[in-house]
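K.L.:
With the hints as a guide, bring both chains together as one complex.
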Amino acid sequence: MTIPSTQADVQALLNNMAAEIRLCLGDRQPLLIGIHTGGVWVAEQLAILLGTDFFDASLGTLNIAYYRDDFTRIGMHPQVSPSDLPFAVDDRHLLLVDDVLHSGRTIRAALNEIFDYGRPASVTLAVLVERNGRELPIQADIIGQSINLTKDQQIKLSNDDGLKLELKTMGATK
Amino acid sequence: MSSNQLTDSGQLRHFLTIEGLKQPLLTEIMDRAEQFSGITNRQVKKVPLLRGKTIFNLFFENSTRTRTTFELAAKRLSADVINLNINTSATSKGESLLDTLHNLEAMHSDMFVVRHSQSGAAEFIAQHVAPHVSVINAGDGCHAHPTQAMLDMFTIRRHKQHFPDLRVAIVGDILHSRVARSQIQALSTLGVGEIRVIGPKTILPADTQTLGVHVYHDMAAGLEGVDVVIMLRLQHERMQGALLPSAREYYDCFGLTDEKLKLAKPDAIVMHPGPINRGVEIASTVADGPQSVILEQVTHGIAIRMAVMSMTLGAQSEQQEVQA
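Line by line, the protein sequences are chains A and B. Numbered by the working numbering, the letters in the first sequence go through residues 1 to 174 in order. Numbered by the working numbering, the letters in the second sequence go through residues 175 to 498 in order.
Heads up, a few of these hints could be off.
Claimed, not checked - Chain B regions said to be covered by chain A (calculated; three or more residues, Cβ under 8 Å):
1. 199-207
2. 214-226
3. 481-491
To be verified - Chain A is nowhere near these chain B residues, computed Cβ spacing over 10 Å in every case:
4. F234
5. S237
6. L251
7. V255
8. S291
9. G294
10. G315
11. R332
12. L349
13. K375
14. A394
15. D432
16. G463
17. I468
Stated by the list, open to error - FRET-style restraints, in silico, Cβ to Cβ:
18. P78(A) x D392(B): 46 to 52 Å
19. N215(B) x I138(A): 24 to 30 Å
20. S146(A) x H306(B): 40 to 46 Å
21. E495(B) x K156(A): 20 to 26 Å
22. N148(A) x D205(B): 38 to 44 Å
23. V218(B) x K156(A): 29 to 35 Å
24. R119(A) x T431(B): 49 to 55 Å
25. R119(A) x V496(B): 38 to 44 Å
26. R332(B) x A121(A): 32 to 38 Å
Please keep in mind that the hints were generated in silico from the structure rather than gathered at the bench. Glycine included, each C-beta is placed from N, C-alpha and C at the ideal position.
Isolated chain B, as found in the complex (with noise of 0.2 Å):
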């Protein structure tokens, strides 16, 4: 859980993690992205909320999707953002990340988006920044994934409605997977009714019990009655730590099929949070068919980061304004 993410007021000042976060704060990330989302019908598809703030998109991770979304959302709010590719640049030449992150201060920054592959590192960046700098994790490691679990609860509500009459499955590789994580604790906080997780014994973590969740080793099983199911991308890199014998053999086993589709709701929607691995975690005619809500869940990715983004930074002017 991290400790500094919400002002004393308990108004949102970075956004770390949905861990420790209650329900009404997650609502209200909802709530205000919904109003956000109808900017986009509009002639010019930006408002100036944001205007004067620079963000800085530290990105020591690849990504495509989220740093676009991420981007696209700050500039619908008239933000100036900057986006950095960290590998290709100062690291790589021997500065350490928080003089990096000092050097980005002095250029007088207002927030920091942050993608890297150790666990804790927006948290980390966020106990070290100046008091007026808000930081947003893009995704840290194994740990959290904050964004993409409230954009997946947001589809969830356009398409349901109401959380604790769901149920709702994860399926794949829970244990490397952050979206997993944070997703399990969004769902739990917004009261669904029952979380299932489903995958190989091997990538599920070994204390799921304690997360609140149902395990099952069976996707038949699994998949029976669900209101939404969730597929991960099966990373292939675990293929190599002997996890998983081959990705013909998942795909058999733990692939989101027709068939295996049939056994959820009629009305249930399938998401999955890119890139998607066709044939080896989900079938193209399940990904394209009409329960699929993924390009949906892209879209809404951009309204989520804007309430976000703009709930941060407010809360830190209201801060600044009373210390004032």
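This is chain A alone, in the form it adopts within the complex (with noise of 0.2 Å):
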């Protein structure tokens, strides 16, 4: 399978994302929602793809941290930006974005955040990327790309000067 790596790739997914989302979403005055750190900058992407009109408040952001399943195996997570929603979710509906789609659980901490602010009339799911290997009853509704990977294998989102993926195999040297 063919890996999308490069920057004209990544944006090719994210032009697709974007058309979607308009046809999804574009009678909804939706509210866009970032998660922490990759899914701040796919969503920053599809706000400038969608233009400043489209979403109705400017971007919230997340840091699921406070909402793990895995605090009382590791402890503290390294400190990101804290939560950042400038708007009221009560009754709207919200996109929701994340790098990387592949075991839910940071999604099933996202959303159980969500409604530690409110009650939203629905929430839609966008993600860069959709692999195997889900832990949780969660799929995406909007997906840039699917992709099949080996349980050793890992996708990364970076952004040095644009978006770019690269594929990791742990345990592999450099």
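P.N.:
Laid out in structure tokens, this is it:
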């Protein structure tokens, strides 16, 4: 399988996602939420592609560190910026964005956190990459690309002068 | 200095004293508190981080503010909290401190928050608890009150940002104040430019010079050009020891009035750990005035205590995973 990796590949995925989002949510004045850190990068690009009027407020960001399910096993995560939702979520249609959907645990945590802010009308999940390995019944609505990887493979989004995807094999030397 | 408040990897396992902690750790406590402080603005003012953890507030000495903010901090992190007022319970029936502790451990507690009139009580408890239990010092005798010092540092940072540029004056009963001791350690670890202590000779410790502070017995000279004024409560019981002539005379010499505050920088902030004695160490017009951040300190206490509770219990989890 070919993995979309270059900046141009990622941009093509983002363009397709933006078109699909316009179809799904165009008439719903949605609010945009990115999950730290990769999901925020993807959400920022989608916001640019969809234009300033598409979303009803500026980008919200979620740091799911306090909602993880592994605190009793590994303790505190390194610090990242705190969650910041600059809008009320009650009765609104939300577009939740992450970079890679894998186990589904991050999305579970993000949904729990969103509901501590209020009761949205709906949540639509958009991810740049969807891979196999789900551990929870969670699926994305809008997908840049689906990829099948082996257990020791990991796909990671980087952001140095533009978004790129990188395939890593755990345990392998660089 | 406490020998056992850090894990092998240098993380906070207990929080007993500021002494011996490095600057990056103090900064991490404040950074994490900053992240937790936003939770108050949500519809549901809590996160599930410490869900299923059991925290005992063991207050061998009275407290309202500290106990309440510890309780609120634990609840905002979804922990279960039990408040024990020990004066009215088992120890008055003759049970020893360690027996009380072991009974609470048998209830599967994860954390003890301890306030005690004896210096070293929290350290003693930390040495004797089961390995999975964290201990937080909520004030021991004249020794230390580290969460109070950190919420004070957090309040200063919110208003003043860069510690090395600051002149900070602490006014009052330094000798008997665990708050002052912890504040001085935190301020100097964070690299504050100049720390001044102001008070009558009878209630300044004899070894103040070794603390790395400048000592003033004259309020006017001491307040000149400072960025932060920290007032301490005058403990009435000190008066009985003939250390001070009268509350009235103390107020005249060391009470913070509007006139004396004018000697500090125009944008100086006024702090007080509470409870305040109006007309004894601080004038009402100053306590309620525009430069006072006294109530902000109370609010910040919740976020600081959330940070310390999550960091210590997080370090415990990590340590157990390594040993497993």
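K.L.:
Which of the stated hints cannot be reconciled with the structure, identified by number in ascending sequence?
P.N.:
Result: hint 6 breaks, nothing else.
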